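2 protein chains.
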Amino acid sequence: MRDDAGVIEVPGAGQLVVSVDSVVAGIHVDLSVCSPEDVGWKALMGALSDLAAMGSPPLGALIALCVPGGAGDGEVALGVMGGVAEAAVASGCPIVGGDVSSSPELVVAVTVLGTVDGPGDDGEPGPVSRSGAVAGDALFVTGPCGGSAAGLRALRSGANAPTAEMAYRRPVARLREGALARRCGARAMIDVSDGLALDLHRLADASGVGFRLDEVPVAAGATLDEALGGGEDYELVLAVGEGDVSGLTERSEAEGLRIPLRIGTVLADGDVRVLGDQELERMGWQHRLG
Amino acid sequence: MRDDAGVIEVPGAGQLVVSVDSVVAGIHVDLSVCSPEDVGWKALMGALSDLAAMGSPPLGALIALCVPGGAGDGEVALGVMGGVAEAAVASGCPIVGGDVSSSPELVVAVTVLGTVDGPGDDGEPGPVSRSGAVAGDALFVTGPCGGSAAGLRALRSGANAPTAEMAYRRPVARLREGALARRCGARAMIDVSDGLALDLHRLADASGVGFRLDEVPVAAGATLDEALGGGEDYELVLAVGEGDVSGLTERSEAEGLRIPLRIGTVLADGDVRVLGDQELERMGWQHRLG
Chain X
580 MRDDAGVIEV PGAGQLVVSV DSVVAGIHVD LSVCSPEDVG WKALMGALSD
630 LAAMGSPPLG ALIALCVPGG AGDGEVALGV MGGVAEAAVA SGCPIVGGDV
680 SSSPELVVAV TVLGTVDGPG DDGEPGPVSR SGAVAGDALF VTGPCGGSAA
730 GLRALRSGAN APTAEMAYRR PVARLREGAL ARRCGARAMI DVSDGLALDL
780 HRLADASGVG FRLDEVPVAA GATLDEALGG GEDYELVLAV GEGDVSGLTE
830 RSEAEGLRIP LRIGTVLADG DVRVLGDQEL ERMGWQHRLG
Chain L
580 MRDDAGVIEV PGAGQLVVSV DSVVAGIHVD LSVCSPEDVG WKALMGALSD
630 LAAMGSPPLG ALIALCVPGG AGDGEVALGV MGGVAEAAVA SGCPIVGGDV
680 SSSPELVVAV TVLGTVDGPG DDGEPGPVSR SGAVAGDALF VTGPCGGSAA
730 GLRALRSGAN APTAEMAYRR PVARLREGAL ARRCGARAMI DVSDGLALDL
780 HRLADASGVG FRLDEVPVAA GATLDEALGG GEDYELVLAV GEGDVSGLTE
830 RSEAEGLRIP LRIGTVLADG DVRVLGDQEL ERMGWQHRLG
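Quick note, the sequences are listed as chains X and L, same order.
In this text, residue positions in the first sequence follow the numbering used here: the first is 580, and each later residue adds one.
In this text, residue positions in the second sequence follow the numbering used here: the first is 580, and each later residue adds one.
Simulated from the structure, these hints should not be mistaken for lab results.
Nothing here was measured: the structure is a model prediction, and the numbers come from that model.
Don't be surprised by glycine CBs; every beta carbon is placed ideally from N, CA and C.
Be careful, since some hints might not be right.
Interface residues of chain X toward chain L, partial, derived using beta-carbon atoms under 8 Å [to be verified]:
1. V603
2. A643
3. E665
4. V668
5. V675
6. S680
Non-contacting residues of chain X with respect to chain L, defined by C-beta distances greater than 10 Å in every case (computed) [unchecked claim]:
7. S614
8. G715
9. G800
10. R841
11. T844
Cβ pair distances, simulated, as ranges [unchecked claim]:
12. L:L657 / X:P673: 27 to 37 Å
13. X:G787 / L:D652: 26 to 36 Å
14. L:D652 / X:E703: 41 to 51 Å
15. X:S611 / L:D856: 52 to 62 Å
16. L:G711 / X:S611: 41 to 51 Å
17. L:V668 / X:G764: 33 to 43 Å
18. L:L610 / X:A833: 50 to 60 Å
19. X:G737 / L:G737: 55 to 65 Å
20. L:D793 / X:G661: 40 to 50 Å
21. X:N739 / L:G711: 49 to 59 Å
22. L:G849 / X:A664: 26 to 36 Å
23. L:A738 / X:S736: 52 to 62 Å
The following block holds chain X by itself, in its conformation from the complex (with noise of 0.2 Å):
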């Protein structure tokens, strides 16, 4: 029920929001299919994106590292931070600590910290949680999903699918994304971590609603089951009130932003969860194939 990243009071200093995320070899990656380089920018846009899902810029990021011993593995090291330098700098996340270890296997272990007070945020909303949806709240989310699904099935068939398989490789937190929608009054966030339809579940279930899913929006060559179920796409859903959606609209056109998808719109009756008239599963993570 809780959102992914939390909020602390600085003393005299306002909100800081910090999460804290982990990337394990062999459970949330599969390092026959990407490289230490593709580990280490998903471990940091993944902990990013709890921070996107708040509508809160960065201020940095802390890695602790943890390798196995044997030969190469010092490659592997300068492989994973080479990754977490490059997602760094596509984020403005500057690396602000970091620790290495030896471990059994490849852990990356990625902190992150941000803030809604910066300078201009003046008397602007405070972090989104998950659970301000309200019945009648328009569900938008911030682009297609499946996309990474799609591509480690790519990856692991040896199909060609360039597109599908960076996103899969090489995911975005929608950080901008996220703030602006902040600014505009969104009034509850998730990011699509384990899978649209679980997250959508979790969002409903943090604010006590239901919801109608009218449109599933579908990534360039993934499946349905794959939209709904694969996760790691990142893409932020927000729950809009009707008043806020063409601010919202009109500000991401005009910023450069991607233009939210409508998805549907929440409902009074925490039982009713449906994509058009059948109940939706709480398809995700758990279910992935492969």
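Place chain L on chain X using the hints.
Okay, now just chain L, sitting in the frame of chain X:
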């Protein structure tokens, strides 16, 4: 050469002191002689010690816990988090985020956040680095060293040495001593994580100075080698200008804190690093017996 903790500027909100540290079973802790609760305690205290060495009170900690997925490991995870919680209470550091994954080996990565800009700190000195020592400074340590190494030795041999065992299983970060030393004008600090000798060399390296060590306070039951090279004592080494020595001593006594023990003097010549009239080896964690 860098400090264990980093400092980041929060826009409009002063400085945040941050650090991350990992504990890997079989590498940093020996699960045959300490419990999951001990591992959790040691992981948080080890990370907090990096804040102590900057003179920074803690704001909060985030825990990434990776546990093997086999039978009984739910209990390991609960045990580790129980020990983390005990250390959090003992140190006044709330746990503000966490993540649990499975992995082949137990890994606990702890990120700690602190600030020296809290209420009552207006105009007081910023975080203390390890690089500010100058020739003529007095060197202090907040307590005798080697207790942790002696405790590990006793636990492995089955000897009865409860005080030393507690020093190994339940070390204490010297947060209040570090904060007071900062307020009293300490010019450089480092915590004894890898051994008094090695950590003192690191302080001297960062400051571009030498030192003469006159005394090595040895913990009860420990050997001189354990005091110099044992590590995980988490006492603080301080370089203090002569003019600030009496203030530090008096305020430590007045506030009921550990009275720093004078161990030597900072020298201008960076090549002179002696214990009495012998060159002091860079002995430390790398050399640890067992």
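Take a quick look at G715 (chain X) and tell me if its Cβ sits farther than 10 Å from every Cβ on chain L, holds or violated. Holds, because the least Cβ-Cβ distance between G715 (chain X) and chain L comes to about 32 Å, which exceeds 10 Å.
A833 (chain X) and L610 (chain L) - C-beta distance against the hinted 50 to 60 Å: 57 Å, holds
query: Does the Cβ pair N739 (chain X), G711 (chain L) satisfy 49 to 59 Å?
result: 58 Å, holds
If I claimed the Cβ atoms of D793 (chain L) and G661 (chain X) lie 40 to 50 Å apart, would that claim hold in this structure? Given range 40 to 50 Å: holds, Cβ gap about 46 Å.
Exercise. Should the hint that G711 (chain L) and S611 (chain X) are 41 to 51 Å apart at their CB atoms be regarded as holding?
Worked result: Since G711 (chain L) and S611 (chain X) have Cβ atoms about 49 Å apart, the given range 41 to 51 Å holds.
Okay, L657 (chain L) versus P673 (chain X) on CB: inside 27 to 37 Å?
-> 35 Å, holds
**Request:** May I ask you to check that G800 (chain X) keeps its beta-carbon over 10 Å from the closest beta-carbon of chain L?
**Result:** Check passes; 29 Å lies beyond 10 Å.
ask   = Does the Cβ distance between V668 (chain L) and G764 (chain X) fall inside 33 to 43 Å?
value = 39 Å, holds
message = Quick check on V675 (chain X) please, does its C-beta sit within 8 Å of some C-beta on chain L?
response = Holds, because the Cβ-Cβ distance from V675 (chain X) to chain L comes to roughly 5 Å (cut-off 8 Å).
Assuming the hint says 41 to 51 Å, is it satisfied by the Cβ distance from D652 (chain L) to E703 (chain X) or not? The hint (41 to 51 Å, Cβ to Cβ) holds, given that D652 (chain L) and E703 (chain X) are roughly 44 Å apart.
| query | S614 (chain X) clear of chain L by more than 10 Å, beta carbon to beta carbon? | reply | Its Cβ never comes within 10 Å of chain L, the nearest being 20 Å, so this holds.
Go ahead and decide if the range 26 to 36 Å is satisfied by the Cβ distance of G787 (chain X) to D652 (chain L).
33 Å, holds
Checked against the numbered hints given earlier, this structure breaks hints 3, 4; the rest are met.
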